[in-house]
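> Sequence:
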Amino acid sequence: AARSRGGAVAGAAGWLIAVMLLTASRPEGDFLFAAGGGSYLFLLGGMALAVICATLGRGR
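In our numbering, the protein residues as written are 38 to 97.
Hints were generated in silico from the structure; no laboratory data involved.
In this text, all values refer to a predicted model and were calculated from it rather than measured experimentally.
Every residue, glycine too, gets a C-beta built ideally from N, C-alpha and C.
Among these hints, one or two may not hold up.
[What the hints assert, rightly or not] FRET-style restraints, in silico, Cβ to Cβ: (1) Glu65 to Thr92: 35 to 43 Å; (2) Tyr77 to Gly48: 13 to 21 Å; (3) Ser62 to Leu93: 32 to 40 Å; (4) Ala91 to Leu59: 19 to 27 Å; (5) Ala85 to Ala61: 16 to 24 Å; (6) Leu80 to Ala47: 14 to 22 Å; (7) Gly75 to Ile54: 13 to 21 Å.
Let the sequences and hints guide you as you build the complete structure.
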C-alpha cells in the first residue's frame, strides 16, 4: 500500500480523523485548536500534502 494510492488515502484518512477530533468542541465550550498560525499551518498544510500525495503518480 505504500507505493499505491491506498497509502496516500490511508495517510489522508488518519490526518482527517485527527483534525475532526481536535476541532470537536469540548463540554467547556472551547477547542483544542487555537486561532494561531500553527493551527492553520497544520490544517492547510495537511490538506495540501494529502492532495499532493494522492495526485503524484509513480515514477516510471
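> Which hint numbers does the structure go against, in order from smallest to largest?
none
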